[in-house]
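One-letter residues, chain by chain:
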Amino acid sequence: MQLSRRDALAALSVAGVGSLAGCGAPIASGGSDGDGAAETAVSTEDSDRSDDAVGSHELATLVAVASAVYPSSVDGVDDFVRTYVGGRIDGDGTNAGGVAEAVTTLDEYTEGLYGAEYVDLSSDERAEALAVMSVDDVDPDPHGTDPQRVRHYLVNELLFALYASPTGASLAGLENPPGHPGGVQSYREGPDE
Amino acid sequence: MNGTGSAAGGDAIDRTPSPRADVCVVGAGPAGALVAAELAAAGHEVVVLDAGPRFDPDDRTERMERHLRPGPDAPVWDTDPERDAYTSTGDRHYPLNAARVKGIGGSTLHWQGMVMRMHEQDFELGSSVGLGADWPIDYDELRPYYAAAEEELSVSGAADNPFAPPRERPHPLPAFPPSYSDSLFAEACEAVGLATHSVPNARNSEPTDGESACVGYGTCKPVCPSGAKYDATRHIDAAEAEGARVVDRVPVQRLEHDDGGDRVTAAVYATPDGEEHRQEAREFVVAAGGVETPRLLLLSESEAYPDGLANSSGLVGRYFMDHLFAGMGGTLDEPTRQKHVGFNTTESHQFYDRPDDSRTAIKLEFLNYAGPAPADIALTADSFGDELLEEIRDGYGTHVAMGALVEQLPRKENRIRLDPSRTDDHGNPVPDVVWGFDETTRRTIERANEIQRAVLEELGADIGWTVGPENTGPAYHHMGTTRMGTDPDESVVDPQLRTHDLSNLTLAGSSVFVTGGAMNPTLTIAALSLKAADHLAERL
Ligand SMILES: Cc1cc2nc3c(=O)[nH]c(=O)nc-3n(C[C@H](O)[C@H](O)[C@H](O)COP(=O)(O)OP(=O)(O)OC[C@H]3O[C@@H](n4cnc5c(N)ncnc54)[C@H](O)[C@@H]3O)c2cc1C
Ligand code: SF4
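So the protein lines, in turn, are chains C and E. 1 is the number of the first residue of the first sequence in this note's numbering; add one for each residue after it. 1001 is the number of the first residue of the second sequence in this note's numbering; add one for each residue after it.
No lab work stands behind these hints, which were simulated from the structure alone. Idealized CB from N, CA, C, for every residue including glycine. Careful: at least some of the hints might be erroneous.
[Unchecked claim] Have a look at the derived ranges for each label pair, beta carbon to beta carbon:
(1) C:E111 / E:T1089: 50 to 56 Å
(2) E:G1210 / C:D139: 39 to 45 Å
(3) C:G144 / E:T1089: 30 to 36 Å
(4) C:E193 / E:E1538: 54 to 60 Å
(5) C:E193 / E:R1453: 55 to 61 Å
(6) C:A116 / E:T1089: 46 to 52 Å
[Unchecked claim] Where chain C lies over chain E, by a calculated footprint (3+ residues, C-beta under 8 Å):
(7) 1069 to 1078
(8) 1173 to 1179
(9) 1383 to 1393
Next up, chain E with everything else stripped away, as it sits in the complex (with noise of 0.2 Å):
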């Protein structure tokens, strides 16, 4: 990948602009590339110009290594310590370069997998409890656009959860069944009135078309190396294969309007030889994630947009959120077969709507993988021989673990802004995260563990650990941060994705979500992008 031949990135491949596209897509991570594949598919010109590399899918076996036998050389997913340098300067430190992947796929490489409609309350919390806002658009707007997301996600799932919003037909794929571990959490579940049921994943329960089935690898984050666990590169690879233009290591570093201040006329990106090109296009979509999409903005300030463009509502950045992990773990006197998986396959989501304004939403998860496993012992350990046996005899085996993520609202206060004091290795200033959370969120996380308290000390478990809010952390969910509205003076795009100030300019991803709740935010983006894709499409 740091070849140094003759092309503008040293390894032969072309990086000089598309002479005529429709459509430039910033960011290959799931939002840019279902945009990308969509509008490729209905016969445009894309290109798609990505800041991080495109990683080898045959190196794959080799980055789980890098996973299971950790070492000071190289992270799972290559970073570049200048190209992503950031700080974090809120209540809490935001550990942003753990949060996210640069490269073509974007942190889906990364990611979890765990997929959930977000329900109808959500998008009217506002109104209904009181609590932060209302979406501009409804559960009935997003709900075929879910339908497709989770076709194009090939998800795996059940209709048996009592607290799913309505759905129109069953998932593609069918539910991986629960876990032995998660019968012994049935029995405790029912006791303390607790209903679970299972959890849609975006991984392959049966083989499909391109890609194999789960062969239970069990590393599934950070890295699967089967393909069964979804990621962005399958869009990638289909908007090449209709024909878009995929452009790798060339971070965006403005975006240029007219001089009137309506349109872009050109996304300027940097190649790895130091040189700077324009990209033209009709319509550009910036998909870079929820960090970098609103730092992108504030980057391409004008006469015209002295506060960042699209800036007029003096919101980008602002907003910021993220959801909050509650936990809780231990360990019972019988097996519990652990770490066989790398994802989970019940949860409970009863908590999950707001009685009123008291607590925001709980989502409750029942891990597959909790404790360590006999090598991450062996690894670490400080004897050998026959007593490293007994050590890792008592330290797998017996661990039962519950997570949450509990939901924040959007507080203005939190941001994404431009640090001039410290800049990136283009001689940008780099984004300074400013996160914490208030006394609704803390309240609601402590409802959480004693939620898990309850159903640990009712399976007879020996607690051994808890996430409260003393030491919760960040899911790495980067919401909020170029909220969507119909009033341009309170939000930064409509409800087509379009910035309100420039006409062909959509923003894609969780940057745009009003409110949060507290599903895994990457359904909902897809369902967005695919939205954003269709009033891309006939305005092209």
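Isolated chain C, as found in the complex (with noise of 0.2 Å):
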């Protein structure tokens, strides 16, 4: 399954970034026109427009922290993180300084246990990092310990980004996911429709 850029400014609709001032106002009565609505939600045209402690390292990183997160069924992951991940910076939508920091603890981390910064490890060793350090085991939380951080700044923003999207929840059967404008028509639908 390929992720677009328009799947990002889904995801960022639902993650209230562009703020969608009066969003639903000019749809008449439902329809599938999400997806319009949030592709004016966002200006963002590239990633360069992260806040100064989101750079090209952290963006990679959230990027390799995706490869390891997201299904393997999946791709477009890099555009798609990116188009994200820098829209939410510029709408303010997640705190960068926290980002940044998540990333350094991350590679911290990895530095001890395989000599390298996260973007430079293998798959295995991504998906095994995460595990060594309980990130899959604790609750994630802005302020607590460095697995809650990595855990809230890193796995669960970008879990959030493809899972409440459209996309990401159609993977599971559920086109029109909490959060996303979707319409009044889905709901009425059976599955084969």
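Two chains, two separate frames, one set of hints: put the complex together.
Printed below as a string of structure tokens:
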């Protein structure tokens, strides 16, 4: 399954970025105009507009984390993550400093474990590192322990981007997930319609 | 919202009293907002004072993310632990701050928006089946106000409910059609002899003058980013457009009265900078919700009213009621298409009216949002990658659930009282919620579970959870604490919602309910508020 820039923009609208002022207002009676609303929501053309704290290394690390936490059937992760994170940071949706610190924390951890930054690990090592650090076991907390902050700022940021978006949720059969203004037709349709 | 500027709130908003007010309304939820909008439109000088903030409508998508991605930081609608402190000392814990929002718009900012009329039997429960007590008004008296309330809340509904009380005209907007899962339930319900029908929703099925149609965000409770779900900011806006003054962050501390104890003279309120002011007016309307309304009266004790203002009956705070939730859910071996929208489209009121005194009212709901959404599973998962996707595919997609509201009868021992051992941010004793339920209610919850089980078994569901008498909780409808009646010894307000004790004090909201039925209360609150506004307009 191919993720597109449009998917990233739809994910951003779920995350409340771009101030969808009067979001629903122009849409007369539902329909699946949700993506259109999202498309106008964010003006980010490329990922270079992130706050200073989130530079190319941080973005590359987020892409690397996504490769570990997203399903293998998903393509286009690189563009998706860069567009999403760029929009999030522009739109003040996330704390750029928190993301940067979580990347540093993760790098320090993998330096100790593998002698390399997270982006330079193999795909097996990327998954292993998160497990050894217990990122899979902890509750996310922006003010918590190292693994809790990695879970909050990196892993859950990315999981939310994917699975709260129509494309990601559709992997499990939900094309109009909570947070997405996907109209009032889909709830009436059966699985085969 | 927390600036350090010069005016009384540090945000350049003038919070000093209005020099000449006809009406002072305490509370900007639907009850207060409707009274304010009506009276302002009739040309009266209206001031509305609310304890909570004015939330910026542009923040709603951010609030939606707080809901979808819950964390330890901010609740969806900001609370203040000092301001909102309370205790709960009954048989059952009462989670008060989950059950209300303080701010312009009140608890409708968070609500679900199901709006149905109470039944004729609700108003004569004592005389018809020997449960609870009769209201001093009947359905026919409230009927035109119900129609007006449906217009005000632009209710989407249909006339397909065979159990509903008589109505004079269609709902303002068409009902939302049934969901796919409703169609699965329909067959099972038919097989067990349960009649189903549409749900009236305070949610635009079509665009109206001011608001968009529902666009399916699916996060109605606790926040609708599109504004398609009704909330009381609509009537606050209407009131302000008619010249009313609405002031936020000014909790009223007490009401003062004249020497004779016949009339309220002022509402004393605090501003964020710690000042106190007195708002005088000809008429006062307290619409602070079913907990804070009696609390404010109790806090306003005086020599003339040593047990609390307007409390000659001793009943202020007594007969606190809520609806009990009963529910059951599980999974099918086929897709059920949940979580597209955040509201329900099918209910059954077949078990609403009570055949005798053996049980109370039951309102059955068929949920469109059973089980977790994919993101809910992902955010708390302990696996990643392909394994996580498998977990999500297993966890989402086949859930079904039924809910029910169950009536509890008025009991004197259930009450809101002051807890003198604990004070809020202004040094006032906090409310103590004393709450529990009796055997009849317990039996009715069990009956609701039996019906739910019959339907789910007929549907072939693998039943995974039950909310019954042991783990039930309140539906967040605070009723009964300043009950209405004609006898000043047995009630706090008269049928005009005016206190027996003070001739210019009106109490608007579900605190005046004599019994609670099992319908969500806000349409009845709105109807009563419009009725009270008519009486106020006559007196002004
Ligand atoms: C999660 C949830 C779901 C709900 N779903 C439904 C539903 O589907 N259908 C339904 O009918 N009802 C529902 N309700 C209930 C509904 O929200 C209330 O019935 C309704 O909002 C009550 O209106 P009100 O104006 O009386 O009080 P509120 O809306 O609670 O407003 C009271 C206002 O008074 C203010 N206030 C309190 N004390 C003071 C003071 N001392 N000075 C100044 N201001 C004060 C508060 O800040 C608040 O803004 C739900 C409630 C919750 C919490
Ligand atoms: S589904 Fe709920 S939250 Fe979404 S637009 Fe409709 S009313 Fe609002």
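These are the hints, each one checked on the structure:
Hint check: E111 of chain C to T1089 of chain E, Cβ distance near 55 Å, so the stated range 50 to 56 Å holds. Roughly 41 Å separates the CB atoms of G1210 of chain E and D139 of chain C, a value that falls within the hinted 39 to 45 Å. In this structure the supplied range 30 to 36 Å holds for G144 of chain C paired with T1089 of chain E, their Cβ-Cβ distance being about 34 Å. The hinted window of 54 to 60 Å between E193 of chain C and E1538 of chain E holds, with their beta carbons roughly 55 Å apart.
Taking 55 to 61 Å as the suggested C-beta distance range, the pair E193 of chain C and R1453 of chain E does not conform, at roughly 30 Å. Taken as a hint, the range 46 to 52 Å is violated for the pair A116 of chain C and T1089 of chain E, whose Cβ atoms sit roughly 59 Å apart. For the region 1069 to 1078 of chain E, the assignment as covered by chain C holds, since 4 residues bring a beta-carbon within under 8 Å of that chain's beta-carbons and 3 suffice. Coverage of the region 1173 to 1179 of chain E by chain C holds in this model, with 4 residues showing a Cβ closer than 8 Å to a Cβ of that chain against a need of three.
Counting residues of the region 1383 to 1393 of chain E whose C-beta sits closer than 8 Å to any C-beta of chain C gives 8, which meets the bar of three, so the coverage hint holds.
This entry does not satisfy hints 5, 6, going by the numbered hints stated previously.
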